[in-house]
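**Student:** Residues per chain, in single letters:
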Amino acid sequence: AQSVAQPEDQVNVAEGNPLTVKCTYSVSGNPYLFWYVQYPNRGLQFLLKYITGDNLVKGSYGFEAEFNKSQTSFHLKKPSALVSDSALYFCAVRDPDMRFGAGTRLTVKP
Amino acid sequence: DAMVIQNPRYQVTQFGKPVTLSCSQTLNHNVMYWYQQKSSQAPKLLFHYYDKDFNNEADTPDNFQSRRPNTSFCFLDIRSPGLGDAAMYLCATSRATGEAFFGQGTRLTVV
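As you go down the protein sequences, you meet chains A and B in turn. Here the first sequence stands for residues 1 to 110, where the numbers follow this note's numbering. Here the second sequence stands for residues 1 to 111, where the numbers follow this note's numbering.
Derived from the structure by calculation, the hints contain no laboratory data. Given the structure is predicted, the values throughout are model-derived calculations rather than measurements. No residue lacks a Cβ here, since even glycine has one placed at the ideal position from N, Cα and C. Hints may be right or wrong, so weigh each one.
As the list claims (entries may be wrong) - Keeping only pairs whose Cα atoms sit at most 20 Å apart, straight-line, the calculated SDA-like set for lysine to any residue is:
hint: 1; chain 1: A; residue 1: Lys22; chain 2: B; residue 2: Gln41
hint: 2; chain 1: A; residue 1: Lys49; chain 2: A; residue 2: Arg99
hint: 3; chain 1: B; residue 1: Lys44; chain 2: A; residue 2: Phe46
hint: 4; chain 1: B; residue 1: Lys44; chain 2: A; residue 2: Val27
hint: 5; chain 1: B; residue 1: Lys44; chain 2: A; residue 2: Arg42
Said to hold, decoys possible - Taking beta-carbon pairs under 8 Å as the criterion, some of the chain B residues facing chain A (in silico):
hint: 6; residue: Ser40
hint: 7; residue: Ala42
hint: 8; residue: Arg107
Stated by the list, open to error - Pair ranges (Cβ atoms, derived):
hint: 9; chain 1: B; residue 1: Pro18; chain 2: A; residue 2: Thr107; range: 23 to 29 Å
hint: 10; chain 1: A; residue 1: Glu64; chain 2: B; residue 2: Gln14; range: 43 to 49 Å
hint: 11; chain 1: A; residue 1: Glu66; chain 2: B; residue 2: Gly98; range: 18 to 24 Å
hint: 12; chain 1: A; residue 1: Pro40; chain 2: B; residue 2: Gly98; range: 22 to 28 Å
hint: 13; chain 1: B; residue 1: Asp51; chain 2: A; residue 2: Ser28; range: 23 to 29 Å
hint: 14; chain 1: A; residue 1: Gln71; chain 2: B; residue 2: Asp77; range: 19 to 25 Å
hint: 15; chain 1: B; residue 1: Gly84; chain 2: A; residue 2: Thr20; range: 19 to 25 Å
hint: 16; chain 1: B; residue 1: Lys52; chain 2: A; residue 2: Asn30; range: 37 to 43 Å
hint: 17; chain 1: A; residue 1: Ser28; chain 2: B; residue 2: Asn56; range: 22 to 28 Å
hint: 18; chain 1: A; residue 1: Ser60; chain 2: B; residue 2: Ser40; range: 18 to 24 Å
Input sequences plus hints: build the corresponding full structure.
**Tutor:** Written as structure tokens, this is what we have:
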């Protein structure tokens with residue numbers, strides 16, 4: 001079965017610094033990969049997706065992700081973190097159902 | 001705005017008393033999902049519908065059932081809630097491919 005893994009439970013960065021939230025995938029065939037963000041007591045919000053095309057995908061709120069086939073990775077990045085980016089981030093794969101990684105809590109400190 | 005709406009946002013039910021959570025969508029998506037999420041863990045897929053075709057995950061407890069009377073509505077029924085069923089329940093919709101759109105969730109408390 002297709003799956004994604006998020007190796008870090010927690011990521012801490014200072015405001016203004018670049019951030020990376022890691023995701024690796026295990027997929028046979030062409031992967032459909034997604035990133036979602038969740039704020040407390042809310043549903044998940046879609047950030048970006050990779051289906052085909054350019055390996056660098058740009059999404060909402062200044063986030064981007066790079067699809068790397070050789071490393072089977074789809075890391076989420078942002079050049080300059082904001083305190084308001086602090087949230088729970090989930091990587092997901094469409095299998096064809098949407099299945100999620102364990103999540104990474106991002107904390108951005110002022 | 002087109003969206004996914006879950007009612008209620010917060011639900012308190014008694015141990016063993018049946019409860020129904022509802023979800024509606026204005027996106028006209030053919031796929032609908034129910035997820036259970038506990039304590040900031042990954043959402044766990046309970047059921048999904050492709051149009052009227054119903055699929056439940058192998059490890060979804062028999063205590064959970066779902067109905068989709070039409071494209072717009074989907075219900076999650078918990079026949080006899082236990083303390084372990086306290087969680088956030090998330091409804092989502094999508095087309096056959098592409099991203100899922102989530103409702104705000106229903107937080108279920110079992111007392």
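**Student:** Kindly confirm whether 43 to 49 Å is satisfied by the beta carbon distance between A/Glu64 and B/Gln14.
**Tutor:** Given about 47 Å between the Cβ atoms, the range holds.
**Student:** Can you tell me whether the CB distance of B/Gly84 to A/Thr20 sits inside 19 to 25 Å?
**Tutor:** Violated - the Cβ-Cβ distance for B/Gly84 and A/Thr20, about 35 Å, lies outside 19 to 25 Å.
**Student:** Does the hinted range 23 to 29 Å hold for B/Pro18 and A/Thr107 at CB?
**Tutor:** 40 Å, violated
**Student:** Is the gap between the beta carbons of A/Ser60 and B/Ser40 within 18 to 24 Å?
**Tutor:** Given about 21 Å between the Cβ atoms, the range holds.
**Student:** A range of 18 to 24 Å was offered for this pair. Does it hold for the Cβ distance of A/Glu66 and B/Gly98?
**Tutor:** Check passed, 20 Å falls within 18 to 24 Å.
**Student:** Is it true that A/Ser28 and B/Asn56 lie within 22 to 28 Å of each other by Cβ?
**Tutor:** Holds, since A/Ser28 and B/Asn56 (Cβ atoms, about 24 Å apart) stay within the stated range.
**Student:** Given the hinted pair B/Lys44 and A/Phe46, is their alpha-carbon gap at most 20 Å?
**Tutor:** At roughly 17 Å apart (the allowed maximum being 20 Å), A/Phe46 and B/Lys44 satisfy the hint.
**Student:** Compare the distance between the alpha carbons of B/Lys44 and A/Val27 with 20 Å, and conclude whether the hinted pair is satisfied.
**Tutor:** Satisfied, since the Cα-Cα distance of roughly 19 Å is no more than 20 Å.
**Student:** Does the alpha-carbon distance linking A/Lys49 and A/Arg99 stay inside the 20 Å limit?
**Tutor:** Judged against 20 Å, a Cα distance of about 14 Å means the pair holds.
**Student:** Is the interface hint for B/Ser40 satisfied, with its Cβ closer than 8 Å to some Cβ of chain A?
**Tutor:** 6 Å, holds
**Student:** Quickly compare the C-alpha distance for A/Lys22 and B/Gln41 to 20 Å and report which way the hint goes.
**Tutor:** Roughly 16 Å separates the two Cα atoms, so the pair holds.
**Student:** When you check the alpha-carbon spacing of B/Lys44 and A/Arg42, does it fall within 20 Å?
**Tutor:** Given pair B/Lys44, A/Arg42 holds - Cα atoms ~16 Å apart, limit 20 Å.
The structure fails hints 9, 14, 15 and 16 (numbered hints given earlier, in ascending order).
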